[in-house]
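Colleague: Quick mapping for you: the protein sequence lines, in order, are chains A and B. To convert a position in the first sequence, counted from 1, into our numbering, add 2. To convert a position in the second sequence, counted from 1, into our numbering, add 152.
The hints are simulated quantities; they were obtained by calculation from the structure and are not laboratory data. Note that CB positions come from ideal geometry on N, CA and C, so glycine has one too. Misleading hints may appear alongside valid ones.
[To be verified] To give an idea of the chain A side of the interface with chain B (calculated C-beta under 8 angstroms), a few residues:
1. F35
2. T107
3. P115
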Amino acid sequence: GDSVTQKEGLVTLTEGLPVMLNCTYQTIYSNAFLFWYVHYLNESPRLLLKSSTDNKRTEHQGFHATLHKSSSSFHLQKSSAQLSDSALYYCALSASNTNKVVFGTGTRLQVLP
Amino acid sequence: NAGVIQTPRHKVTGKGQEATLWCEPISGHSAVFWYRQTIVQGLEFLTYFRNQAPIDDSGMPKERFSAQMPNQSHSTLKIQSTQPQDSAVYLCASGTGDQDTQYFGPGTRLLVL
Numbered sequence: 003g004d005s006v007t008q009k010e011g012l013v014t015l016t017e018g019l020p021v022m023l024n025c026t027y028q029t030i031y032s033n034a035f036l037f038w039y040v041h042y043l044n045e046s047p048r049l050l051l052k053s054s055t056d057n058k059r060t061e062h063q064g065f066h067a068t069l070h071k072s073s074s075s076f077h078l079q080k081s082s083a084q085l086s087d088s089a090l091y092y093c094a095l096s097a098s099n100t101n102k103v104v105f106g107t108g109t110r111l112q113v114l115p
Numbered sequence: 153n154a155g156v157i158q159t160p161r162h163k164v165t166g167k168g169q170e171a172t173l174w175c176e177p178i179s180g181h182s183a184v185f186w187y188r189q190t191i192v193q194g195l196e197f198l199t200y201f202r203n204q205a206p207i208d209d210s211g212m213p214k215e216r217f218s219a220q221m222p223n224q225s226h227s228t229l230k231i232q233s234t235q236p237q238d239s240a241v242y243l244c245a246s247g248t249g250d251q252d253t254q255y256f257g258p259g260t261r262l263l264v265l
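Bound conformation, chain B alone:
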């Protein structure tokens, strides 16, 4: 079992460009979560899918962030018109169900210049 896979591991973009982050959950896990990690805010919840359906996106900045899960093997987080304040580590986690253990990926470190 390879664990949760996230690509790319590092991404540098210029202000105003688009960034797409990929996550492959552990096979058989029905829940997928996205978080943003910064020193100041810690781990901020962004969005959550269960069986590919969006359940809660209350943590997503509405204007420029979007997430999808087109199939059970991957999810994407897209940030349009990136800003320097979007710089963070974006973590994806998967689990077998609600209120269960979450297994985190290695994260994507995004730097917006």
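Pulled out of the complex, with its shape left as it was, chain A reads as follows:
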């Protein structure tokens, strides 16, 4: 079945450094829609950005990601990390014949001063 892999469980970096959170996926369906959700402590997860267009950069709130169907990847990037970016980030896939959403295990981003 469909799956999403986020290899890094925890990413720790210093404020001001670039961020890259990896996401790869597997699906046999061509209608893949990829999402990044962010989950701040004591809040509900919320959408950060999404894309279904191959090789098109999507941006929101300083973060960006490009869906590459050739490599089945949708990595999340930001040029300069801020302390307020510390949160749990989930990559998610919607494909299949039912369009259910499958989430990765999440990557916790910890930004230090």
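Use these hints to put chain B onto chain A, whose structure you have.
Modeller: Frame of chain A, contents of chain B only:
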């Protein structure tokens, strides 16, 4: 708009007891999703309704878990004979359609002793 409402916010049950979790989706949203969140597994898909009809329950443990959506304003997740491994945060989300943004509720934190 109050967002997705989940009740109770916290529930403690003894092993073997039943737990019923409630979700009220955002008015006008046709899709309702249930997830289980744990540190180890991240966000696990449980089940998905569209226009109150069950679409995909492939994530539901078959024996003790069940979900219903009797009307467009609420859905329930019932866990019979709860076990300690059922302890998790159960999240409900709603959306306007397939492959669209999901809006998450605050979750119900279930603790089975």
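Colleague: Indicate, hint by hint, whether the structure satisfies it.
Modeller: Results of checking the hints against the structure:
At a threshold of 8 angstroms, the smallest CB-CB gap from F35 of chain A to chain B is about 4 angstroms, leaving the interface hint in force. The beta carbon of T107 of chain A comes within 4 angstroms of a beta carbon in chain B, closer than 8 angstroms, and the hint placing it at the interface holds. Because the closest C-beta pair between P115 of chain A and chain B is about 25 angstroms apart, greater than 8 angstroms, the hint is violated.
When the structure is compared with the earlier hints, a violation turns up for hint 3 alone.
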